[in-house]
Amino acid sequence: MSRFSKTLIALSLAAGVTSAAAFEGYPGIGRTATPAEVQAWDIDVRPDFKGLPAGKGTAADGEVLWEAQCASCHGIFGESNEVFTPLVGGTTKEDIKTGRVRALAEGGFPQRTTMMKVPTITTLFDYIRRAMPWTAPKSLSDDDVYALLAYMLNLAEVIPFDYELNEQTLREVQGRMPNRNGMTTDHGMWPGAPASQGGMGNGGIPDVQNVACMTNCKDKVELVSALPEHARDAHGNLAEQNRVVGPVRGQKTVEPPVAPAAAPEAAAPADDGKGFAAAKAKGCLACHGVDKRIVGPGFKDVVAKHRERSDAAAYLAEKIRKGGMGVWGPVPMPPQGHVTDEEVEAIVKWLLSGAKAQ
Amino acid sequence: MTHPDFRPGRIRPAPENFLSGEQIKEVAAGRRDFLRNAFLAAGAAMAAPAAMASGSKAAGDPAILNLPEWSTTLGQPVATNPYGMPSKYEAGLVRRESPGLTRVPGSSVSFAPLQGLFGIITPSGLHFERHHQGWHDVDPNRHRLMINGMVKTEAVYTMDDLMRLPSVSRIHFIECGANTGMEWGNVAVPTVQYSHGMLSCSEFTGVPLKLILDMCGADYKKGRYILAEGADGSSMTRTIPMEMVESGEVLVAYGMNGEMMRPENGYPLRLVVPGVQGVSWVKWLRRIEVGDMPWGAKDEAVHYVDMMPGGLHRQYTSIQECKSVITSPSGGQILLDKGFHNITGLAWSGRGKVTRVDVSVDGGINWMPARIEGPVQSKALTRFNCDWVWDGKPYILQSRAVDETGYVQPTYGQLRKVRGTSSIYHNNAIQSWKVSESGEVGNVQVL
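Residue numbers (my numbering), protein chains in the order written: chain P, 1 to 358; chain L, 1 to 447.
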């Protein structure tokens with residue numbers, strides 16, 4: 001904590017000083033940073049241990065702090081998957097020897113924990129110091145950080161419980177990090193010269209080469225994945241996540257999918273074309289699309305919903321004659337008195353035959 | 001096509017679509033007797049059941065015949081909303097979280113509604129969000145930018161200082177490295193908002209970082225890396241290549257789309273690193289350090305590392321490779337009807353300009369060139385459009401972008417062959433949308 005109080009003093013001194021440095025080209029803009037200011041903010045620790053502060057702690061020291069400040073999110077043993085991905089787990093004594101976490105290659109551990117991935121011990125020190133605990137970042141002393149890191153490393157069996165982690169021993173423990181050899185920069189997603197010429201990466205060479213073929217580019221379309229039906233409404237009602245005007249609408253995922261165009265031929269009663277003609281003549285198509293909802297549901301939706309009813313024909317006839325409301329939403333369908341009994345019968349027959357547009 | 005009333009495909013005109021295609025054809029052919037019935041029914045449905053009682057015969061579209069309240073009453077005065085808001089009818093198009101993706105809203109993401117956006121600029125209020133330890137509304141008068149490390153003069157700038165410096169304004173896309181990350185192994189989300197919505201594009205205004213590093217006398221010879229650090233709780237850090245700073249493209253930005261950066265996007269100051277994944281565009285930017293090696297920060301040693309088959313992780317993957325997606329028609333939508341549709345979408349590349357986009361409606365067997373809407377800018381979203389007449393049959397829509405390096409956006413098959421399915425990051429595969437006979441569009445994957 002003393003680091004921060006010193007910072008405050010330094011800052012208040014600096015505020016009274018107009019140490020405007022004469023930066024070339026832009027006089028009057030910016031000023032020299034004071035050493036205390038740089039010390040207050042320059043808290044990063046690099047993989048070459050630059051920036052690592054003095055301090056020390058053991059897993060025993062860390063355990064108390066951990067249970068008070070860390071366990072509520074990460075679990076007593078850093079294993080919790082409740083709030084964050086587990087910190088510890090999935091590494092073995094063999095990994096500590098090889099520096100490659102075998103479970104990453106072979107699977108077998110349900111998550112990719114922090115200890116499985118992190119190659120550099122300084123990453124953990126740096127992050128705990130700058131960002132933890134979650135609701136009070138930068139409140140830990142450097143000794144606290146050493147102690148908590150020691151506790152984590154002990155959970156992963158990288159160091160013993162009474163091992164003192166300090167600015168010297170931390171360098172040695174780097175050689176025991178389970179995934180220390182698990183990273184590569186041999187890829188094309190970093191700019192500049194390749195590693196062979198002093199840069200990092202492969203010089204920007206992509207790892208895949210597609211070609212812009214235009215015709216007959218393949219024999220067949222291999223469709224390998226689609227959204228499972230049970231996930232249809234997992235992201236809510238998509239109708240409410242799209243515009244209410246324009247060339248498309250969002251799907252009403254709180255309702256079943258629009259029935260496919262073709263109804264099973266065998267089960268369908270024969271259709272003589274009179275029903276569709278009647279539906280057309282009496283204006284039914286003004287509110288009901290054959291395939292899609294307009295004001296009311298699409299006819300194929302109506303069929304899909306009700307065809308399994310034992311009284312489907314009577315039910316549908318009744319709905320046409322008397323109208324209704326609530327089955328497909330709040331917009332009412334008025335009674336259709338202008339449709340004759342004969343026409344109602346024909347329309348129902350057409351519906352139950354699969355409601356094909358003709 | 002010559003008759004003004006005959007619009008192929010547009011077979012559901014107002015109000016709420018009361019003519020069928022066949023009926024329109026009949027109108028075109030001069031047969032109007034059926035119309036009476038259709039209008040009767042439509043009018044009844046609109047005002048039912050009360051209007052039924054009146055028994056009035058509609059003579060046309062009620063949206064025309066019955067003057068709406070906005071034509072017959074006084075409207076609202078100026079400055080009713082001092083900061084204007086979208087129409088109430090646009091309420092569906094908002095940033096949304098993907099249920100179950102993250103467990104802590106302070107370290108989460110909200111996705112931009114690409115399915116309803118036009119052109120290339122993302123409205124600032126719809127810009128996607130990704131925070132690592134929650135967001136703050138930072139007091140600009142207490143915000144500082146510090147430059148330290150391998151520089152002659154370690155320096156501090158206030159926002160006043162930075163906003164006095166010569167500024168530039170540039171349009172660039174920003175894409176999270178994990179955009180489309182949920183889809184590496186299989187289809188996981190229904191719409192383009194969730195599959196590609198960690199993507200936005202804005203005009204950013206600020207100062208080239210090079211100008212500031214020049215002022216401080218940066219050691220460009222030895223200092224080949226910079227560290228960018230945020231002022232939020234996580235004090236998020238990322239290593240940025242000095243090559244990019246030297247190009248003049250990296251900005252210390254305070255402006256976005258003509259106003260100050262929004263708090264969720266880093267008010268008052270964020271780093272803009274064109275072409276590079278969003279995590280490097282450090283928000284609430286408080287410090288730049290010049291150094292001679294990368295820092296191995298949490299977000300480049302534990303997260304934002306791309307796991308390859310065999311368990312090796314790629315570290316410091318940064319550039320967003322060429323990618324495109326059809327935004328409409330897209331997953332979770334339903335086509336209003338058969339006939340003409342404009343296939344529209346976005347293309348971008350972290351390596352420069354998009355030079356062409358092709359569209360396929362048969363799952364990638366045959367392709368046709370899309371129209372690119374200019375001006376095409378480097379490392380910016382590029383809008384493309386392609387005419388299409390839907391005949392009611394099933395189709396699989398795809399788009400494929402090519403950038404100025406000649407790189408062609410890859411297929412899922414090609415990407416997975418090299419990178420497997422566990423990488424999480426940098427999925428730039430060709431996206432497929434399946435149009436069913438019902439008009440419903442769904443998310444599918446084609447190798």
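Just so you know, the hints here were simulated from the structure itself, not pulled from any lab data. Just so it is clear, CB atoms sit at the ideal spot from N, CA and C, and this is done for glycine as well. Treat the hints loosely; a few may be bogus.
Unchecked claim - Capping the alpha-carbon separation at 27 Å, the derived lysine-lysine pairs in BS3-like fashion look like this:
id, chain 1, residue 1, chain 2, residue 2
1, P, Lys356, L, Lys393
2, L, Lys353, P, Lys50
3, L, Lys393, L, Lys338
4, P, Lys138, P, Lys93
5, P, Lys50, L, Lys222
6, L, Lys338, P, Lys274
7, L, Lys152, L, Lys221
8, L, Lys353, P, Lys220
9, P, Lys356, L, Lys221
10, P, Lys349, L, Lys393
11, L, Lys338, P, Lys280
12, P, Lys220, L, Lys338
13, P, Lys220, L, Lys222
14, L, Lys152, P, Lys349
15, L, Lys152, P, Lys50
16, P, Lys50, L, Lys393
17, L, Lys393, P, Lys218
18, P, Lys280, P, Lys218
19, P, Lys356, P, Lys319
20, P, Lys280, L, Lys393
21, L, Lys338, P, Lys305
22, P, Lys138, P, Lys97
23, L, Lys210, L, Lys338
24, P, Lys280, P, Lys322
25, L, Lys88, L, Lys152
26, L, Lys417, L, Lys338
27, P, Lys322, P, Lys356
28, L, Lys152, P, Lys274
29, P, Lys218, L, Lys417
30, L, Lys152, P, Lys305
31, P, Lys97, P, Lys220
32, P, Lys280, P, Lys220
33, P, Lys220, P, Lys274
34, P, Lys274, P, Lys218
As the list claims (entries may be wrong) - Which chain P residues stay away from chain L? Per the calculated CB distances, all over 12 Å, these:
id, residue
35, Asp42
36, Gln69
37, Tyr127
38, Ser141
39, Gly175
40, Asp272
A quick look at each hint next to the structure:
no.	hint	verdict
1	P:Lys356 to L:Lys393	holds, 15 Å
2	L:Lys353 to P:Lys50	violated, 39 Å
3	L:Lys393 to L:Lys338	holds, 9 Å
4	P:Lys138 to P:Lys93	violated, 32 Å
5	P:Lys50 to L:Lys222	holds, 16 Å
6	L:Lys338 to P:Lys274	holds, 24 Å
7	L:Lys152 to L:Lys221	holds, 13 Å
8	L:Lys353 to P:Lys220	violated, 32 Å
9	P:Lys356 to L:Lys221	violated, 74 Å
10	P:Lys349 to L:Lys393	holds, 26 Å
11	L:Lys338 to P:Lys280	holds, 19 Å
12	P:Lys220 to L:Lys338	holds, 25 Å
13	P:Lys220 to L:Lys222	violated, 53 Å
14	L:Lys152 to P:Lys349	violated, 88 Å
15	L:Lys152 to P:Lys50	holds, 19 Å
16	P:Lys50 to L:Lys393	violated, 64 Å
17	L:Lys393 to P:Lys218	holds, 21 Å
18	P:Lys280 to P:Lys218	violated, 44 Å
19	P:Lys356 to P:Lys319	holds, 20 Å
20	P:Lys280 to L:Lys393	holds, 23 Å
21	L:Lys338 to P:Lys305	holds, 24 Å
22	P:Lys138 to P:Lys97	violated, 33 Å
23	L:Lys210 to L:Lys338	violated, 54 Å
24	P:Lys280 to P:Lys322	holds, 19 Å
25	L:Lys88 to L:Lys152	violated, 55 Å
26	L:Lys417 to L:Lys338	violated, 38 Å
27	P:Lys322 to P:Lys356	holds, 24 Å
28	L:Lys152 to P:Lys274	violated, 90 Å
29	P:Lys218 to L:Lys417	holds, 17 Å
30	L:Lys152 to P:Lys305	violated, 76 Å
31	P:Lys97 to P:Lys220	violated, 48 Å
32	P:Lys280 to P:Lys220	violated, 40 Å
33	P:Lys220 to P:Lys274	violated, 41 Å
34	P:Lys274 to P:Lys218	violated, 45 Å
35	Asp42	violated, 6 Å
36	Gln69	holds, 14 Å
37	Tyr127	violated, 4 Å
38	Ser141	holds, 17 Å
39	Gly175	holds, 16 Å
40	Asp272	holds, 19 Å
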